[in-house]
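A.B. asks: Residue numbers (the numbering used here), protein chains in the order written: chain Z, 6 to 633; chain E, 14 to 287; chain C, 91 to 448.
Hints were generated in silico from the structure; no laboratory data involved. Quantities reported herein were computed from a predicted structural model and do not represent experimental measurements. Cβ coordinates follow ideal geometry from the N, Cα and C atoms, glycine included. Do not take every clue at face value.
Claimed, not checked - Not everything, but these chain C residues come out facing chain E in the computed CB check (under 10 Å):
#: 1; residue: K151
#: 2; residue: F154
#: 3; residue: L169
Stated by the list, open to error - Stretch by stretch, here's where chain E covers chain C in the computed footprint (C-beta under 8 Å, at least three residues):
#: 4; stretch: 173 to 180
#: 5; stretch: 201 to 215
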Amino acid sequence: MNNKIRPAEKIYMAIIFLFMYAPIVTLIVLSFNKSKSRAKWGGFTFQWYLNLVHDSEVLNAMANTLIIALIATIVSTLIGTAASVALTGMKRRTRSLIMGVTNIPMINADIVTGISLMLLFKILHFDAGFVTVLIAHITFNIPYVMLSVLPRMKTISPAVYEAALDLGAEPFFAFRKTILPDLTPAIISGALMAFTMSIDDFIITYFTKGSGFDTLSTKIYSEVKRGIRPEIYALSAIIFVVVLVLLLLSDRMKVRGSKIADRARNAGNVKLKRIGIAVAISAASIAIILMALAFGGVFTKKSTQVFVYNAGEYIDPEVIELFQEETGIEVVYDEFESNEIMYAKVAADGAAYDILCPSDYMIAKLIDNDMLMKLDWSAIPNAKKYIGEQYYQSATAFDPANEYAVPYCWGTVGILYNKEMVQEPVTSWNVLWDPKYRGEILMQDSIRDAFMVALARRGYSINSTDPAEIDTATQDLIEQAPLVQAYVIDQVRDKMIGDEAALGVIYSGEAIYTKRENENLEYVIPDEGSNVWIDGWCVTREARNADNALKWIDFLCRPEIALMNFEYITYSTPNIAAQEMIEDEDIRNSKVAFPDDETLSRCDTYISLGEEGDRLYNEAWKKVKSAN
Amino acid sequence: MSKMFRDRRKAGAVASPYFAWALIFILVPLAMILWYGLTDDSGAFTLVHIAAIAQPEHMKALLLALELAIISTVICFLLAYPLGMILAKNKMSSAGIITTIFILPMWMNFLLRTFSWMTLLENHGVINGVLEFLHLPTIHVINTPGAIVIGMVYNFLPFMIMPIYNSLAKIDENVINAARDLGANSVQTFLRVTLPLTVPGIISGVTMVFIPALTTFAISTMLGGSKILLIGNVIEQEFTLTYDWHLGSGLSIVLMIFIVVNMIVSAISEKKDE
Amino acid sequence: MSKELITLSHISKSFDGQLILDDLNLVIHENEFVTLLGPSGCGKTTTLRIIGGFETPDQGKVIFDGMDITALAPNKRQLNTVFQKYALFTHMDIADNIAFGLRIKNKSDQYIKDKISYALKLVNLEGYEHRMPDSLSGGQQQRIAIARAIVNEPKVLLLDEPLGALDLKLRQDMQYELIRLKRELGITFIYVTHDQEEALTMSDHIVVMNQGYIQQEGSPEDIYNEPENAFVADFIGDSNIISATMVKDELVRILGTEFPCVDKGFGEEKPVDVVIRPEDVELVPRGQGRISGVVSHIIFKGVHYEMEVQAGGFEWLVHSTKESPVGTEVDIRVDPFNIQVMNKPASEDEQALGVEDV
């Protein structure tokens with residue numbers, strides 16, 4: 006046949022290549038983007054690469070990923086190889102039965118495997134974390150090793166092995182000298198496959214990981230909803246380039262190896278094999294060096310810790326550093342995407358976190374379900390000293406005796422709109438039902454906020470538990486669904502900055518930041534009223550490090566720390582002392598950050614709906630989401 | 014080979030770590046799902062969690078997931094087969110081109126790659142930017158099922174190409190020549206010889222694309238704007254949001270039925286192949 | 091001589107800039123058993139593939155039965171091929187394999203059924219209809235490959251080293267089988283092999299090829315007895331090939347000694363090669379031959395002894411039924427009819443072309 010590649014074939018391959026690599030090029034470009042928002046090119050920078058060096062969170066996740074992958078690969082290679090060797094010595098029926106079981110993790114859906122292991126660990130009261138993820142990875146890696154080793158094993162004649170035994174060799178020695186060398190390439194390729202799968206896994210890790218433990222995958226997933234930190238692009242670009250270089254090097258070596266092989270036929274094979282092993286070893290050692298560089302908290306867990314569970318992008322990372330430096334307490338920091346997800350996690354394992362930062366209604370729910378600890382106010386003097394009395398007053402709506410929560414941030418929910426795309430004045434939630442804006446509307450992917458919009462629009466209480474009202478709101482939301490471009494959380498920010506949508510429901514705290522990035526954006530609280538919310542720090546009832554948790558709260562209540570946070574996250578602070586320290590006059594007097602009393606009078610706080618109310622809302626929300 | 018371990022018990026000893034592992038971490042967890050899916054809070058046997066699949070919102074998610082998974086699988090197949098033929102025809106070693114094209118991207122995290130499609134596909138994203146520059150009509154695909162299909166095809170295409178390429182590369186060139194020699198034109202040769210000889214590869218490719226596509230939740234969350242719920246999203250939310258393990262397990266059992274059907278189909282074809 | 095069936099005229103073909111065939115001209119007659127013989131890389135397989143239509147020549151024409159088929163697709167040619175390693179369709183049973191070509195041609199079921207049983211009978215594999223190819227031995231698979239080709243009633247059967255994968259005993263059986271088939275079918279066979287014994291056994295006509303050129307063609311006897319150059323002589327059977335000088339007609343100087351021969355027309359004092367077959371070297375007692383030497387090596391080969399004799403600075407290979415122990419001092423005598431004089435290769439190019447088999 007003609008061995009030349011036809012032009013049509015070249016074009017076809019080029020298209021596939023483009024398809025496979027366009028996203029990767031995009032990510033690498035983004036790693037040099039000065040703007041934190043992926044929707045905007047803000048100029049060229051190396052900043053994210055430099056930041057990476059002290060971004061302990063990302064580096065920890067990276068180290069976890071590599072350590073898990075490495076250990077899982079080694080263990081699964083050992084177990085899988087031993088099993089493959091032994092299996093060939095078994096009855097055919099036993100063998101196919103066992104292979105059937107082995108194939109399950111490969112053929113089964115990852116989500117089912119992940120959930121099944123999660124259920125097992127929960128029942129056994131296994132603390133989810135490093136060990137559980139490792140077990141899960143070993144479990145799904147073994148089949149890859151066996152599927153590589155078993156076929157090779159079948160082709161190996163036992164004659165040499167038997168000859169070695171015949172000559173008096175010990176069985177293991179004989180195995181090592183006769184079978185193993187033939188098996189090595191299959192073992193290596195199985196191990197490499199396992200390693201790659203381990204690195205790339207998300208779903209199974211997601212279900213089996215516990216609090217305070219993240220691999221790169223789960224870290225990224227929790228960040229996806231609110232926009233990924235550019236440092237992660239930088240890290241991925243580095244990994245990608247390292248692997249690319251390794252591949253090219255090993256390819257070169259193979260070419261050279263085959264030339265040697267041509268010259269000396271017999272010796273060549275051995276040399277080729279040796280070069281293959283050399284490449285594998287050097288790859289492994291580079292991985293280990295990377296790990297050593299990135300080495301974080303996995304093995305160096307300090308005795309004094311505090312497990313913090315906060316909303317995403319809701320603190321200045323430097324504050325965490327400062328706290329750790331000053332107190333010597335290690336902060337194990339996790340982020341949640343919504344109050345509901347946080348609740349599910351804490352309900353499953355009350356001791357997973359010491360301190361949480363839920364919103365008002367969720368605090369009420371946690372109190373109702375006896376999941377919080379009464380605060381020892383004497384241990385947190387700053388809380389009473391600097392946080393404005395009016396905020397404690399508001400907090401009584403969900404924490405009647407001010408026993409459980411210290412306000413952290415507060416704000417309103419409103420509409421962010423793009424002046425270029427929306428010509429009319431926006432004064433009502435009705436604009437979100439205007440067919441003119443089909444596909445230009447971003448709704449919040451959170452039950453309470455979505456229903457708040459619908460309920461407020463009808464003039465109902467935003468805390469309504471009246472089934473008829475909820476039903477009307479549900480119908481309204483279903484009617485609205487075709488107009489909605491997406492239900493998102495913090496992504497509203499990036500999408501609005503990037504002119505992806507005309508209108509979005511957003512928290513007031515984001516308004517300052519988005520306006521800074523795209524001056525066409527305007528924030529408004531509709532006339533029908535809205536939600537005013539307070540997020541507060543609470544200590545879980547089962548907290549194992551309650552003292553450290555209180556130190557954490559007290560630290561955050563310091564005016565200069567509260568100010569740092571405010572400037573970083575731009576959410577309004579209830580810390581009066583900090584408010585007074587804001588330098589930028591526009592912001593200090595901003596109606597968006599600190600709305601006037603008239604506006605606030607139109608707004609309500611959320612209160613807990615109770616179990617029945619939650620159920621009603623959950624059911625209704627599912628209907629809305631599946632209405633498309 | 015049976016002589017390798019003259020003593021079966023010794024073979025059992027070497028394999029025992031694996032047996033223990035498989036029992037505790039493969040079979041027992043599956044039993045847990047069955048148990049949770051078939052009981053209620055009080056531990057009594059019930060089928061309501063299985064029957065819950067008939068609820069309109071669940072059924073809708075399942076049907077949509079099936080539809081998108083089938084479309085993605087078909088597209089993957091249509092893209093992968095010609096590519097496999099080009100690679101096999103030109104004797105491009107699996108170590109070279111294939112690794113570069115398909116294994117290398119795997120080292121860039123799966124979620125990041127998918128996330129990157131968001132930037133590419135958005136209304137003011139990279140692709141539309143290019144189209145605008147070329148004065149071509151722009152596309153509105155982000156947050157639609159179309160975007161989810163793109164994400165699925167992108168992520169699972171390698172799993173279709175590899176088995177198809179392997180089965181194509183295994184065909185002796187002379188077998189194709191023989192068909193031509195015996196009077197078959199190129200279409201007849203493809204339909205009667207090439208295609209049937211690659212059926213095992215196609216089946217394993219289809220399995221490896223269809224199952225993850227059917228059960229994904231990350232891709233639909235990211236590229237569907239959380240607007241489009243697939244069965245994977247529903248199950249995920251039962252565990253992470255509404256926290257109903259029984260319902261989540263029940264729906265997982267329904268999902269497993271599809272997987273089992275798929276396993277049986279591929280087992281039958283494998284047997285035929287032997 | 092019978093009718094010309096296939097004519098290759100001025101065929102050239104190169105791969106990746108390497109010339110595999112260079113201006114090849116070949117005529118194949120109807121009903122002949124033609125063997126293309128040569129070492130790997132000589133271009134024989136490429137020639138066969140050009141005839142079969144699997145390669146298109148860069149230059150030149152392929153004429154089949156008076157028609158130019160150079161650009162014709164393989165499926166439109168009235169010839170069939172038996173491939174190296176059989177190339178059976180592993181996903182079909184034996185009957186379907188054999189029926190493949192007939193089904194393409196939309197023959198009736200009854201016709202196909204008859205043809206299958208006819209073909210299986212012809213290759214002595216009756217009753218194998220529903221076996222799968224993988225369950226057959228190599229020899230059986232080869233017979234099926236032949237059956238699959240001949241049911242299409244080709245005018246020419248192309249065989250590409252069909253016996254290469256079989257062991258020696260089976261190979262010999264199959265050689266007789268092929269001769270029988272050829273006789274029963276009465277069609278042209280074009281056979282490619284690098285095994286000179288196979289070629290000599292089966293062929294009516296042998297084409298010896300090397301490095302893209304035809305070195306010599308003719309009947310097996312011609313090729314064996316009168317090789318035209320050192321390559322052919324060396325490739326076909328064992329030979330003593332010695333540089334010599336043609337003194338004049340019918341007299342050649344070998345290793346400094348003049349030998350009478352029967353060849354003429356080479357000119358005077360012209361360098362030539364001579365070929366003397368080992369069985370044509372006679373060992374006679376000292377004083378009775380032309381060159382004196384000593385037996386340096388002897389092995390018993392069954393029908394004859396194989397000896398090496400050091401004489402005149404050359405190591406002569408000698409086959410004889412008479413044993414001469416190592417160290418025996420002997421003289422060498424050669425009958426003038428048994429000295430084959432050949433021209434030295436005209437240019438060194440032919441040797442220098444380092445072509446690979448394709």
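A.B. asks: Taking the hints in turn, state whether each one holds.
C.D. replies: Going down the list of hints, with the structure as the test:
1. K151: violated (21 Å)
2. F154: Hint violated; F154 (chain C) Cβ to chain E Cβ min 14 Å, cut 10 Å.
3. L169: Given a least distance of 8 Å, the restraint on L169 (chain C) holds.
4. 173 to 180: holds (count 7)
5. 201 to 215: The restraint on the stretch 201 to 215 of chain C is violated, since only 0 of its residues have a Cβ under 8 Å from chain E and three are required.
Taken one by one, the earlier hints fail for this structure at numbers 1, 2, 5, listed in ascending order.
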